[in-house]
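2 protein chains.
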Amino acid sequence: MATIYDVCREAGVSMATVSRVINGSERVRPKTRERVVSVMEQLGYKPSHIAQSLASKFTNSIGIQVSELTGSFYGPMMSGIDEELHKANKQGLITSGRSSEEREKHGIESLISRQCDALILHVEAVSDEYLLELSKRNVPFVLLNRYIEEIADQCIVLDDLHGGYIATKSQIELGHTDIAYISGPLWKGDAIQRLNGHKKALKEHGISFDEDLCFEGDYFKESGIAAVESLLSKGKHFSAVVCGNDEMAAGAIVTLRNAGLSVPRDISIVGYDDIDVANYLYPRLTTVKYPLKEMASMAARWVLKNVYNQDVRLENKFVPDLIHRDSCSERKVH
Amino acid sequence: MATIYDVCREAGVSMATVSRVINGSERVRPKTRERVVSVMEQLGYKPSHIAQSLASKFTNSIGIQVSELTGSFYGPMMSGIDEELHKANKQGLITSGRSSEEREKHGIESLISRQCDALILHVEAVSDEYLLELSKRNVPFVLLNRYIEEIADQCIVLDDLHGGYIATKSQIELGHTDIAYISGPLWKGDAIQRLNGHKKALKEHGISFDEDLCFEGDYFKESGIAAVESLLSKGKHFSAVVCGNDEMAAGAIVTLRNAGLSVPRDISIVGYDDIDVANYLYPRLTTVKYPLKEMASMAARWVLKNVYNQDVRLENKFVPDLIHRDSCSERKVH
DNA sequence: TATTTTAATGTAAGCGCTTACATTGCAGCC
DNA sequence: GGCTGCAATGTAAGCGCTTACATTAAAATA
Numbered sequence: 007m008a009t010i011y012d013v014c015r016e017a018g019v020s021m022a023t024v025s026r027v028i029n030g031s032e033r034v035r036p037k038t039r040e041r042v043v044s045v046m047e048q049l050g051y052k053p054s055h056i057a058q059s060l061a062s063k064f065t066n067s068i069g070i071q072v073s074e075l076t077g078s079f080y081g082p083m084m085s086g087i088d089e090e091l092h093k094a095n096k097q098g099l100i101t102s103g104r105s106s107e108e109r110e111k112h113g114i115e116s117l118i119s120r121q122c123d124a125l126i127l128h129v130e131a132v133s134d135e136y137l138l139e140l141s142k143r144n145v146p147f148v149l150l151n152r153y154i155e156e157i158a159d160q161c162i163v164l165d166d167l168h169g170g171y172i173a174t175k176s177q178i179e180l181g182h183t184d185i186a187y188i189s190g191p192l193w194k195g196d197a198i199q200r201l202n203g204h205k206k207a208l209k210e211h212g213i214s215f216d217e218d219l220c221f222e223g224d225y226f227k228e229s230g231i232a233a234v235e236s237l238l239s240k241g242k243h244f245s246a247v248v249c250g251n252d253e254m255a256a257g258a259i260v261t262l263r264n265a266g267l268s269v270p271r272d273i274s275i276v277g278y279d280d281i282d283v284a285n286y287l288y289p290r291l292t293t294v295k296y297p298l299k300e301m302a303s304m305a306a307r308w309v310l311k312n313v314y315n316q317d318v319r320l321e322n323k324f325v326p327d328l329i330h331r332d333s334c335s336e337r338k339v340h
Numbered sequence: 007m008a009t010i011y012d013v014c015r016e017a018g019v020s021m022a023t024v025s026r027v028i029n030g031s032e033r034v035r036p037k038t039r040e041r042v043v044s045v046m047e048q049l050g051y052k053p054s055h056i057a058q059s060l061a062s063k064f065t066n067s068i069g070i071q072v073s074e075l076t077g078s079f080y081g082p083m084m085s086g087i088d089e090e091l092h093k094a095n096k097q098g099l100i101t102s103g104r105s106s107e108e109r110e111k112h113g114i115e116s117l118i119s120r121q122c123d124a125l126i127l128h129v130e131a132v133s134d135e136y137l138l139e140l141s142k143r144n145v146p147f148v149l150l151n152r153y154i155e156e157i158a159d160q161c162i163v164l165d166d167l168h169g170g171y172i173a174t175k176s177q178i179e180l181g182h183t184d185i186a187y188i189s190g191p192l193w194k195g196d197a198i199q200r201l202n203g204h205k206k207a208l209k210e211h212g213i214s215f216d217e218d219l220c221f222e223g224d225y226f227k228e229s230g231i232a233a234v235e236s237l238l239s240k241g242k243h244f245s246a247v248v249c250g251n252d253e254m255a256a257g258a259i260v261t262l263r264n265a266g267l268s269v270p271r272d273i274s275i276v277g278y279d280d281i282d283v284a285n286y287l288y289p290r291l292t293t294v295k296y297p298l299k300e301m302a303s304m305a306a307r308w309v310l311k312n313v314y315n316q317d318v319r320l321e322n323k324f325v326p327d328l329i330h331r332d333s334c335s336e337r338k339v340h
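These protein sequence lines are chains S and Y, in that order.
Each number in this note's numbering corresponds to the 1-based position in the first sequence with 6 added.
Each number in this note's numbering corresponds to the 1-based position in the second sequence with 6 added.
The set of hints was computed from the structure by calculation and includes no laboratory data.
Hints are supplied without guarantee of correctness; some may be wrong.
Note that identical chains are pooled: a pair holds if it fits in a single copy or bridges any two copies.
[As the list claims (entries may be wrong)] Capping the alpha-carbon separation at 25 Å, the derived lysine-lysine pairs in DSS-like fashion look like this:
id : residue 1 : residue 2
1  : 142       : 37
2  : 52        : 209
3  : 209       : 93
4  : 52        : 142
5  : 242       : 299
6  : 52        : 111
Keep in mind it's a predicted model, so treat the numbers as computed, not measured.
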């Protein structure tokens with residue numbers, strides 16, 4: 007592999023000059039630049055990122071920590087980030103934390119020790135304190151889908167209260183009043199907010215919240231199944247089910263169908279997230295769209311702006327919309 | 007950030023000694039090691055990967071190029087690779103190539119310029135020649151899901167001929183003889199092999215291959231829809247559809263249902279890949295399982311063995327199985 | 001043309017490590 | 001005690017760049 011030495015020898019200039027043309031500095035005479043460039047091409051020279059990183063302050067790499075590498079939630083997220091970074095010629099280092107506190111911390115530390123210029127984190131298990139601590143350690147980072155008051159401007163979040171609200175409201179507007187709710191795990195902030203939105207819609211329309219129609223799941227399909235089974239076994243009437251996310255909705259649909267209930271004829275269902283699968287389900291799922299990709303790319307832009315001083319617009323809070331598909335219908339009037 | 011200098015000063019030893027304890031060399035007196043370790047902890051010292059990379063031959067990072075960051079195909083792949091690398095304390099650099107020749111090449115070059123110790127590639131657009139060329143450029147790499155004779159031992163592949171074969175054979179065994187086939191794009195090796203497997207099964211059972219029952223799609227859902235529409239419009243009878251992948255199968259199911267045909271009662275369907283979605287579909291899709299995660303982790307092991315000289319077992323060719331679910335049934339006898 | 005100003009280029013000191021080789025210390029031996 | 005032979009440790013030269021500062025060449029000015 008050719009080095010900068012080879013280039014400056016062949017081109018008859020000093021290292022500094024070569025470095026200048028590499029970095030696109032103005033202070034090089036066009037003629038010199040041409041000569042250097044042509045030598046570089048001739049030699050197939052590519053600057054060593056490693057050496058550049060060591061010598062300069064920046065590594066041009068951004069650490070990305072997600073919960074899972076797999077699944078239709080994180081895919082768009084990574085891809086949103088990556089696209090934006092790629093345009094800016096930065097490299098993302100992706101790690102997964104698997105929602106375990108230890109692994110999340112370990113992942114973050116490992117990213118730091120790799121000298122990332124910044125971090126984009128989607129973490130659930132680590133505490134606010136840890137993150138606050140981290141923010142004092144001069145490693146710039148953005149939080150995706152998590153809100154911490156003290157570092158609000160480093161947080162890119164979805165208005166989950168509103169999401170939960172419109173999901174339930176849509177059902178109320180279809181005439182439903184007995185509305186079951188399958189919640190995500192209530193130790194997660196987003197799950198709480200979504201549920202609060204649900205309650206808000208209920209309250210606003212004079213419907214009282216019924217504990218018996220609410221089930222706490224874990225965001226996985228299986229808990230959607232368990233939820234419907236539990237709901238059915240209680241014998242309470244409900245004509246609509248609002249779900250904390252699409253996966254649980256998928257489980258719910260299957261289980262309802264197995265119980266001889268038709269969706270949406272007998273039961274109306276709304277999901278949340280609008281993952282790929284929502285569109286493959288039968289019936290196609292009406293759901294609250296989580297603008298994941300946009301938010302992810304916003305996170306990348308945050309870095310571009312705050313770390314590399316690029317001039318970009320930032321937006322912190324996103325507002326979700328309802329995507330109407332085939333899983334909802336008006337309440338049957340008897 | 008504390009550097010190795012701080013450590014050796016505080017511990018009263020030379021840099022070489024500190025370096026030895028960092029790298030777990032034997033040649034350090036236990037007492038010395040302890041002292042150094044305690045100083046490192048006290049200072050919160052973490053060696054700089056960058057500097058280590060520059061000084062040593064290795065960066066401990068492995069470039070990974072996939073076609074997409076998103077989708078249920080690549081998720082398990084990345085996660086399979088990452089898990090294995092993580093155990094070995096290596097970092098994966100993930101890039102996506104989007105099946106465009108230019109972007110794939112660009113991605114590969116960028117990975118190389120980042121001094122990856124090795125590359126794991128899932129590429130479709132670049133030519134064999136390019137890859138052969140690459141293999142001479144002293145960058146070790148493995149190919150996932152692609153076979154090139156000359157570098158066969160760098161290829162980790164699925165026996166797609168067998169996959170296509172068992173898919174179709176399963177239908178024949180259910181009594182079907184009029185079997186439609188929705189193929190992937192035939193410029194891709196795997197699509198060809200799967201189709202060949204289909205033909206082989208047909209031939210073996212004395213059924214002749216009918217061009218009119220075969221449709222070339224592009225592996226996306228929409229082409230599954232288009233395929234069924236085309237098939238239906240031809241008016242040829244078929245009682246089973248074998249699909250080149252699950253996505254197209256998903257499209258096919260919906261379209262058949264819209265046409266008033268029931269799956270599996272009227273038409274039997276088999277997919278290929280066993281992506282997540284297959285399990286969410288209605289009916290749950292019977293499909294050929296692509297052991298993606300295993301293959302991906304094998305790719306990682308290939309690197310561990312061939313680049314870092316670790317002692318691991320390698321396997322090049324995987325054989326797929328059929329996963330029986332609910333989308334197939336015996337041919338109706340009139 | 002001599003002088004000042006400015007642009008272009010060069011010099012060399014790091015960046016934080018690894019590693020071949022040199023040196024030191026000490027156990028074991030006669 | 002003096003010597004050999006390792007094991008433990010130290011020395012110092014890179015690795016391939018960036019960059020503050022110094023120098024020189026060219027352009028502008030008088």
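Hints versus structure:
When the C-alpha separation of residue 142 and residue 37 is checked against a cutoff of 25 Å, the pair qualifies neither within a copy, at 47 Å, nor between copies, at 35 Å. Taking identical chains as interchangeable, the C-alpha atoms of residue 52 and residue 209 are never at most 25 Å apart, the minima being 63 Å within one chain and 54 Å between chains. For the identical chains of this complex, residue 209 and residue 93 are neighbours neither inside a copy (46 Å) nor across copies (51 Å), given an alpha-carbon limit of 25 Å. For the identical chains of this complex, residue 52 and residue 142 are inter-copy neighbours only, at 18 Å across copies versus 36 Å inside a copy, given an alpha-carbon limit of 25 Å.
For the homomeric pair residue 242 and residue 299, neither the shortest alpha-carbon distance inside one copy (39 Å) nor that between copies (43 Å) is at most 25 Å. Taking the closest pair of Cα atoms, residue 52 and residue 111 come within 25 Å of each other only across two copies (15 Å); inside a single copy the shortest separation is 35 Å, beyond that limit.
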